[in-house]
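A.B. asks: Chains A, B and C, in that order, give the protein sequences. Under our numbering, the residues of the first sequence are numbered 1 to 230, in order. Under our numbering, the residues of the second sequence are numbered 1001 to 1387, in order. Under our numbering, the residues of the third sequence are numbered 2001 to 2385, in order.
Hints are computed from structural coordinates only; laboratory data are not their basis. Please note that the accuracy of each hint is not assured.
As the list claims (entries may be wrong) - Derived contacts from chain B toward chain C, CB cut-off under 8 Å, selection only:
| hint | residue |
| --- | --- |
| 1 | 1007 |
| 2 | 1024 |
| 3 | 1028 |
| 4 | 1068 |
| 5 | 1203 |
| 6 | 1258 |
| 7 | 1260 |
| 8 | 1271 |
Even glycine gets a Cβ: it sits at the ideal position worked out from N, Cα and C.
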Amino acid sequence: MNNIVELIEITKSYRRGSEIISVLRDINLSIPQGEFLAIMGPSGSGKSTLLNLIAGIDRPDSGRIIVSGIDITTLSEDELARWRAFHVGFIFQFYNLIPVLTAFENVELPLLLTGLSKGERREHAITALKIVGLEHRLNHYPSQLSGGEQQRVAIARAIVTDPSIIVADEPTGDLDKYSAEQVLDLLAGLNSQFNKTIIMVTHDPRAAAKAKTIRHLDKGILNATRETSF
Amino acid sequence: MTPLVIYNLRNIRTRRLTSLLTGLGMAFVVFVFSSVMMMAEGLERALVDTGSYDNVIVIRRAAQAEVQSTIPRNEASIVETLPWIEKDIDGRNLSERELVVLISLLKKDGSPSNVVIRGTGEKSLSIRRQVRLKEGRMPRPGSTEIAAGTSIKKGFQGLEPGSRLRFALREWTVVGIFDAGNTAFSSEIWADIDSLMQAFRRPVYSSLVFKLRDPEDFSFVKRAIETDPRLSLEAKREIDFYKEQSEVMARFLRILGSSFSIVFSLGAIIGAMITMYAQVSNRIQEIGTLRVLGFQKRDILMSFLLESVMLSLAGGIAGLIFSSFLQFYTVSTLNWQTFSELAFRFRLTPGIVLKSLVFSIIMGIAGGILPALRASRLNIVNALRTG
Amino acid sequence: MLLVKLLFRNAFRQRLRSILTIAATTIAILAFGFLRTIVDAWYSGVEASSPKRLVTRNAISLTTPLPISYKDKIKKVRGVSLVSYGNWFGGIYISEKNFIPNFAVEPASYLELYPEYVLSAEEKKAFLQDRKGCIAGRKVAEEFKWRIGDTIVLKGTIFPGEWEFTLRGIYRGLRPTTDETQLFFHFDYLNERLKKIYPQRADHVGFFLIGIDDPRRAAEISLEIDSLFKNSLAETLTETEKAFQLGFVAMTEAILITIKLISYVIIIIILAIVANTMSMNVRERLSEYAVMKTMGFSWPHISVLVFGESLVITTTGAVSGMILTFPAAKIFVDAMGTLLPVFNITEKTLILDFIISIAVGISAGLLPAWKAINVPVQRALTKIG
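Isolated chain A, as found in the complex (with noise of 0.2 Å):
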């Protein structure tokens, strides 16, 4: 199979004061292209940072990390920033959408830094609205959406620049049940649909449970992998 992610002894550890507090050892992981991956684990276990790694937004100790054939571990910080442009697409436990933009307008902000037309970015910003169906929102503020709104916006916000994988940190952790029903049943529709590689950390079991592939990570050792039905 073709793995689009490739993490090959990958270590790190924090500073916290004096004291060294180790917190991914020797992490060894493959994910294949197509794949929905939900990380597991509890508080502190590490699973933020492994995806803060895997998004580029985190330099590893020691290891590599490949994404679409590219060691990541080895570009400069402008060069990071430019391929997360093109190959992550971030989903955030709080949205974190820009208060004093509408939704259009914060789908339509990663689009600035792909040299798009102007008639192009909106074609390409309302599509992706259209996806998560909210086509009819497209001039409201985050303040006039819903908490499960706002993440939807979110989610069109990280797959409008068609990246190579979306990564999402407790995508559900701020939502109501339904909202987050909604959000994940999104999620599973893009890895399925438009054959969308997503990995998600989580806590809550019944997210993972929408994932294809579930991994517990606990206190930085990567074990058990379960293949969930769909």
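Starting from the known structure of chain A, arrange chains B and C on it as the hints suggest.
C.D. replies: Relative to chain A, chains B and C alone:
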């Protein structure tokens, strides 16, 4: 004192950059305010110190300065017969006829300015206690010798003892330096009256100065001189005469200083308002908590007002510290009223310190009051829910 | 365009704070423009001077007179086209508070030398014919509500006594820099009276004003005039009108420097205020910048956002300050009356206003921009707001 002082101090310290920038704005306003006031004060003080309470200066009526005044010999003689003039041990009048002319000399930076040359007699020194010989000697009667005041020697070229100066077709030798402290005399050059009158072909005097036997006799002197039909002169207490000479410039400086301080302070007040509004909105939850703990609206109001005043007062003190260094600095400029050079120092007085501090407290209150009111009026429940 | 839109919206996100900051900038620019204009007013005599005019005065100082007989000698110097002369009279109108510069001049040659004092033909004729006549500038006449034909009495300070004149004309300035606050009367009127009361002071003038044909020969002609009177009782000092006026300015340099320094202090004050606003704005939005970084935006974009926001605030304040300078100056000039002969807001002042607002905007954005650029991307994972 409200129990929240420590809380306010901690907050100021936590938001270091913001507090620093806000205080800096205040500090510069107070700096402008105090330094211009110090300049006006220094100018005034220099001229007030120049005059003595028990000295009388007689000039032509309506002349505003000695350069403009002319006193014929016969009128001078009439004045010298007045009975209220102090006598020296030899029984001579402690009075002196003097001539004031302006000459253009080059400053050390090369630009020309007008300097007072005063034709003096042997008693000129004893009439003015504040003038002391510092180096060399005073000009001898009938000689082309001159003595320079300390400020003039410092600010202008070629006034070292022994050097020569050429004006009015003669060579004049600097034979002495006199120190008149921080007064206008320090900005003068003194020469012998008779030589000076000959050199300038001036048949009349500029002024007549004498010491009173009893300082309270001034009103008799004034009446006697100003009602005598043979005289077209007027008498002034020396102290008032010199004070008047600082009026225009000191007033100009005070108006300039206070009007611009007020305008600038609007800026600083707005700065404090911005900071305090931000403090209030950052601490809405804390305010709610404090209210739950039992602090009253008044305590919250006072607490934020106090925080703003602490900032502005700190700024004010910093501004005063900057401006106090100006005291070591001497300004030399042309006095518009006498048209001659005058050197003076910036002077920091307790009055200026007090005014500056009051000014900064007012800025703090003005900047803090609206945000403090907003903080005190927050609804407790809503405040707690925010975050 | 979206980035520009975003930076504009950011600038007004904290509306009260932004409005206050803009208001503070407006006040600062207004004050700065005013102080610069006061400094310009100081130099107005220099600005109004003509390269074709020289001033000759006694080398000892301005207060020492020259014999009137010098006139004929000066006239013979090659290149001199016209010689006028006069005296600073220093008379007081009613009270010392009324500041009116007044001069006794030889009227016909003086008006010829100063074409910028514009009089109608009738006014000019009436003034030249009346030995006791005088003319005054438009501003003084307005201030004291003088009409042509009024009798004006000045109290002499240098030349004792009461002096009566009849107002024969009100002159207007040819250019905005022309001083319209002065009063001129016949030198002969002064001289004849002096001959009676102070014969030794008669036939002396304070200055000669010399018209020359070729400004390039100014230095040469000046030297030639001064050499005529070398080693005489009254040696002369001749310089161009501009140098003469600059000499005046230099004498009160200390005050001028003070005003200039004050005008820079207001810039520091406003810099502190804008920097404070920007640092608060950026600090509150750090996680948004982090989110943008996860999307792949990097330092150029974030710099545009932060500096753009800062510049929006300062330039808005500057433009409103510049606009307000005009009505404010009008009020100020009306209040000051003749104390301020010339008070014109120059193009240079406005350009300087604008440059300052840009400089303040950029300096105020430096530290916040650095912070925003260096925010750790992980910060994006915390809640916005």
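A.B. asks: Would you check whether residue 1024 (chain B) satisfies its interface hint, that is, whether its CB is within less than 8 Å of any CB in chain C?
C.D. replies: The hint holds - residue 1024 (chain B) has a Cβ within 8 Å of chain C, the shortest such distance being about 4 Å.
A.B. asks: Measuring from the C-beta of residue 1007 (chain B) to each C-beta in chain C, is the shortest one below 8 Å?
C.D. replies: violated (20 Å)
A.B. asks: Please verify that hint: residue 1203 (chain B), Cβ, nearest Cβ of chain C, below 8 Å or not.
C.D. replies: Status holds, d = 6 Å.
A.B. asks: Closer than 8 Å between Cβ atoms is the bar; does residue 1068 (chain B) clear it against chain C? Give me holds or violated.
C.D. replies: holds (5 Å)
A.B. asks: Measuring from the C-beta of residue 1258 (chain B) to each C-beta in chain C, is the shortest one below 8 Å?
C.D. replies: At 12 Å from the nearest chain C Cβ, residue 1258 (chain B) fails the 8 Å test, so the hint is violated.
A.B. asks: Against chain C, run the beta carbon of residue 1271 (chain B) and see if the smallest gap drops under 8 Å.
C.D. replies: holds (4 Å)
A.B. asks: Using Cβ atoms only, decide whether residue 1028 (chain B) comes closer than 8 Å to chain C, and label the hint accordingly.
C.D. replies: Since the shortest Cβ distance to chain C is 5 Å, the answer is holds.
A.B. asks: Take the shortest C-beta to C-beta distance between residue 1260 (chain B) and chain C; is it under 8 Å?
C.D. replies: holds (6 Å)
Consistency note: the structure conflicts with the earlier hints numbered 1, 6.
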